[in-house]
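Chemist: The chain contents come next:
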Amino acid sequence: MKQKKYWQSFGELKSSENYQERVQDEFNELLDATSPRRDFLKYLGFSTAAAAAAASCEMPVKKSIPYLNKPDTIIPGVANYYATTYTLDGDAVPVVAKVRDGRPIKIEGNDLSSITKGGTSARVQASVLGLYDTARLRFPLANGKEVSTFDAFDKMVAEGMSGIAGKQVVLLTETISSPTTKSVIASFLAKYPGARHIQYDALSASGLLNANQASFGKRAIPSYQFDKAKTIVGLEADFLGTWLSPVEYARQYAAGRKIDQKNPAMSKHIQFEGMLSLTGANADDRFVHRPSEAAAVALNLYAAIGGSVSAPALSDDRLKKGIKLAADALKASGSASLVVSGSNDVTVQLIVNAINQQLGAYGNTIDWGTTLNTRQGDDAAMVQLVKDMNDGAVGALLIHGVNPVYDYFDAKKFESGLAKVAVSVSFNDREDETSVLCKFQIADHHFLESWGDAEMKSGYLSFIQPTIAPLFKTRAFQTSLLKWSGNDTSYGDYFKQYWSSKFGSQDAWDKALRDGVVETPASTSAGSYSGSAFASAASTVTAGKNSGKEIVLYSKVALGAGKEANNPWLQEMPDPITKATWDNYAVISFATAKELGIAVDDNYEVEVKKPVVKITVGKNELTLPVLVVPGMHKDVIAIAVGYGRSEKTGKAAANVGQNVFNLVSFNNTFSYSVANAAVEKTKETFKLAYTQTHNQYEGRDEVIREFALNEFKKNPTILKDKRDELVETFAKETGDYRAEGTLYPNHPYPGAKWGMSIDLNSCIGCGACTVACTSENNVAVVGKSEVLRSHEMHWLRIDRYYATYRDESGNDNLDDLNVVFMPMLCQHCDNAPCENVCPVNATNHSSEGLNQMTYNRCIGTRYCANNCPYKVRRFNWADYYGADSFPDNQRGKLDDSVMMMNEDLTRMVLNPDVTVRSRGVIEKCSFCVQRLQEGKLKAKKENRPLETGADGKWDIKTACQQACPTNAIVFGNVNDKNSPVSKIRNEEQTNRLFYSLEQLHVLPSVSYLAKIRNTDRQVGIVEEEHAAEAEHAEHKEEKKEAAAH
Amino acid sequence: MSLTKYESQLREPLVNGNKTYGQVTNDIVHTIEVKPTRLWYIGFYVSVAFLLFGVYSVYREVTYGIGQWNVNRTIGWGWDITNFVWWVGIGHAGTLISAILLLFRQGWRTGVNRAAEAMTIFAVMCAGQFPIFHMGRVWMAFFTLPYPNTRGPLWPNFNSPLLWDVFAISTYFTVSLLFWYSGLLPDLATVRDRAKTKLRKHLYGLASFGWSGSTKHWQRHESLSLVLAGLSTPLVLSVHTIVSFDFATSVVPGWHTTIFPPYFVAGAIFSGFAMVQTLMLITRKVMNLQDYITLGHIEAMNKVIVLTGSIVGCAYLTELFMAWYSMVPFEQDIFFKYRIAGPYGWSYWLMMTCNVISPQLFWFRKLRRNVTFTFIMSIVVNIGMWFERFVIIVSSLYRDYLPSSWSVYYRPTIWEVGFYLGTFGLFFTCYFLFSKYFPVIAIAEIKHVLKTTGESFKNEMTALEQKEADSFYDEMHHDHHEEGNVKVAHH
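Sequence order for the protein chains is Z and S. Sequential numbering from 11 applies to the first sequence in my numbering. Sequential numbering from 40 applies to the second sequence in my numbering.
Hint data in this document are derived by calculation from the structure and do not stem from the laboratory. Treat the hints with care, since some could be wrong.
What the hints assert, rightly or not - In silico SDA-like cross-links for lysine to any residue, where the CA-CA straight-line distance does not exceed 20 Å:
{"id": "1", "chain 1": "S", "residue 1": "255", "chain 2": "Z", "residue 2": "28"}
{"id": "2", "chain 1": "S", "residue 1": "255", "chain 2": "Z", "residue 2": "446"}
{"id": "3", "chain 1": "S", "residue 1": "237", "chain 2": "Z", "residue 2": "20"}
{"id": "4", "chain 1": "S", "residue 1": "490", "chain 2": "Z", "residue 2": "28"}
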């Protein structure tokens, strides 16, 4: 028999020695005891130690040198506050500058001013960055070359001046409200016989001034008192955003719109305009018309309130209804009415004066006892000057604060005239379009480096004191004038002498400087009205055009006429209406979009590439990207001025948008609207950077609430009932919605518990808070290229929603528009969805209810941002602040404007109390935790409880709260029963109180008060039964009307 | 021949051709021992090129920031996490095949398990890159590890699903790697024993950990395999469950769904099998392994694909139903307005077509056994599964609660795409090296099934089946003693 042999290996087959041995040991379970375990541990220990030693590289040592002689007033790390005044383009706002270690870092409103009561605007907030603007002129220039000393410069100017015998000397400035400057100017003019001072406002109020000259014999602007008005009618006047004195008006306006829930009442605001302005967006009722119809609208309104005049008939039925509505409301309010017009047309302003006279507004809502001094420019004088210059009649032109080569409508002509002026001097702060054409440039100080004063309203003084020594070789404009008029005193001394003699005692003068404001109110006056000019003006009014496109030139809330175009904070502030940044564009209506074949669909919404149109006005042609906005008159195109600055004005200003000042026309006054424009679509597209893509709230009344006043009065607990329903549904057992809705334990808040309340009825959407937050919290500027990719960093944004309603035929009625603004910031949820998803605990909850961000711990997974229902978390996509461990590697990756923010000079604006975030971490609103800590410490040092607003005492205000001109934001300790925020939530506003997305049970610490609109139109989401009822009632009315016909 | 090993003739053989053990070893080890073909070199260099591009893309991202990508304040995760979930999903098939099919005693797994496990490991390696490099500060990634420290000590947040991911994925990778490598040991020893050069002998000797094929080695090997199979089985289900928690535990409409765990696991198996198909179809063709990876194997995997595809389809429909039934307006909006329609509607319908509709064609046996069709479908399924993750992540995030924050259109940058291509490079570089230097089929295990379900065996069975029952019994009785020896020998 064959012997079968199975084998596994050659060893087994051959039965080698080696194999035998192994088989013997195969099942030996003992381990080899000689295994060098100890050696292993030794090696491990050594290599760890070696790696640690190698890795601990030497850290660079930075030496800091303390003061040799410390100034008494400066304690490192403790801020000083100096009262001063923001001035630009004639505007003046009393402010307080926060100075840390010798450098101003933040601007706050001056609470002592009865005009602003501590309110500010976005531009005021951003002005501190202007101080550190890298594009500022750093030394005097003569013919483009540096002049080493002021003496040499003065000598050159003097030589120039001596050679212009017989020719005019003209001082061309912005509106000047400063008494001392006026006195300096007067002495300068006296030195040069025949010299003139011309004030020129790029955004002029000449029409209003001239009309007042005709009606009241005074070329001045009275004080408007929006708070006293029960009915406000705005005719193309953006008084909340840009018109005359918006900070003051916003405060007054909001005062009339605060709701007392026991007796709900508010002013009624009706707006007539061609484009959707910030003010129009806040109106209760709003009607659109062509700019060319402005006079006809005003005259019709005058007729409708009982004025004896025959007004040209208007063609638009809705507009006619609007005029009737406005007239009825005005008549009902009588002398508690106010009509204002933003038009620069004398005729329109004369009619408005007649309306206000008819209503009896003068002496009530309009006070001639105190006049507003922020606009004094005379358009005709400016035009005459340009003519004189071209005629060779002007020998010397001294320019301060104005830039006609950029913003004068016929800039070419100004330029050619300027070339004929022998001595041209610019005091402007940079080599702007006009300055570069001047022979001499000697920049004035920034207001934060200056002495000075402003009398923005007669009797209301606000002083300017320097907060820092001049950064550059600049000289006060007044000092130069004094010098050139043969007076060697510096303006600082002149100013001090002037006022200390007026105040009498040093103490009074010191107090005035410390307070910043001195107010001597005059008694109210109705002025003496004369209607003679009105009659002739009224007879010239025609019905306006009814075909063709018309253009409205407007100024943006952020940029105004464009002086601050090199301020990245302002460039990056989303426009309140369009939410666009870093550009100007043509705002068009849906109807125009349809005509041009621009589909406003999902694709339009999500694509940043916008169609470009060509707009032709006479010989002028320009191509601009479009944004389609509801609430525009169907044939109106709105374009913002202030863009398209030259290369030398700065990295943030250059090549942003286009200059459209050339579309302004002159007809006794400057006109900012253009008729007979043609528009056509081009094949090009242009990327527009905007921060909000979707404009409706899609019926999500969990997010935002708004009601009509009558609805709210009828059913005051409509909102409260809904909130109670939530408790009944989700906290059946205990009634404690807070505890029952979660698996996690409740956070205890033994001490303070921070909370914020935002009144949507007061919020006008101006964006001052956004810029204040940027300034306080070192929020990065990211530049257009990054905003395009939705990488903006704002901790606080203002969501703007349009609500339109569908008419019975199913069409969206875009004229019947409600706009709501909702400031949105970290809600500091008590059951925060961001907190539990962070893998490393980088965001966590404080014992005071703050949702804290620990930047050092953050690894940047962005999970928290995804899980934030409010989308307020911001990620550092790039090294925006140069705070990285990879030094300076973003050049070429980010826009020049961002790199500009990182220059040593610009970085001086950073708040040293707030960490500058590095690349790759999440950041968000901290409720200004640095201010909370400072306030708590202060209270502790003074050994008293913390004050968060009870009895008007504040240890702590957040930056947004402090900046808000309308007091829409209230912040405080909700554990303190007497704090305003507690009172609002628990007593005063229980019916309007809501939390955004309350049903998610994230338990936000920010509560909102519902928006109320004083209108009969539909507002907000109407419950279906209500809607059906309303519809029924409407039908009945219609039938009645039909029967009456 | 033992009666217990009897298998119906209706079952196809798992190894075709009348292979002897020697032939099996030769067929599989042959490619390791010769110079690679030109095709291999081309494929390898292309893969390396992709890998290098990926490395550069990641370098850009780490040096200049996540801003190199187009994700934004609203869509915080885009291609990065989409790719992560996609690769993790793919990484499910290998362990499923080797562990769960082992426990279910599916003999056909032996033909594909080695390559599938390798694929799993490479896919998990690729997947792991994304959560690591999607971090804004990747150099601080170690914060996620619970190590004792002087910061308090400060631990990671054990409530966070991302942290669970860290544990789930690292555990899965470790176990899969061990499983794969322990299975490789006998085969590496075979290669070592056949090695003709010193270097080769030395390297494979090191790699085979001194495997001698002794009984003790086999015994330990078998025990270890069983233990690891037992460990892996729950992992197959848990890993993707935990990945799905990243979404399911959030408040984002479209993410906040309890159906996610089973839905994700089914999807993972679905995409994993599709990827195995893609690789196997190429491998068997290029390496002439048609006898080992038979049409039967392909059909079996196609059956899994049609099953899991249908489960996934049910999940999609359930999601829609739940959105409607929940009466939550945010849910309804996201599903009905912005997912199946809206700017990203196309991606939803692409997903539906690729994942639910087209795999239904696998109900036809003819198509299941059609190699070309299967290959195309395997690609289609993986495109569909990529879009499933894209739909879940991007089309949920881009329009969530506050309409004010809805996003602009999200398109990846070249570096975002580059990172993805780079992981393809990594994956295929690894796979090419694997196919060159490792036996792509488990030789030892194939030999194990050869004797019971190989064609040679089946042929013997044919004769057996025709025998009369009585004579068969006699023969069995006679051979009984011998059988025991045979069994031992074959382990």
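Chemist: Out of the numbered hints, which ones does the structure contradict?
Modeler: Failing hints, ascending: 2 and 4.
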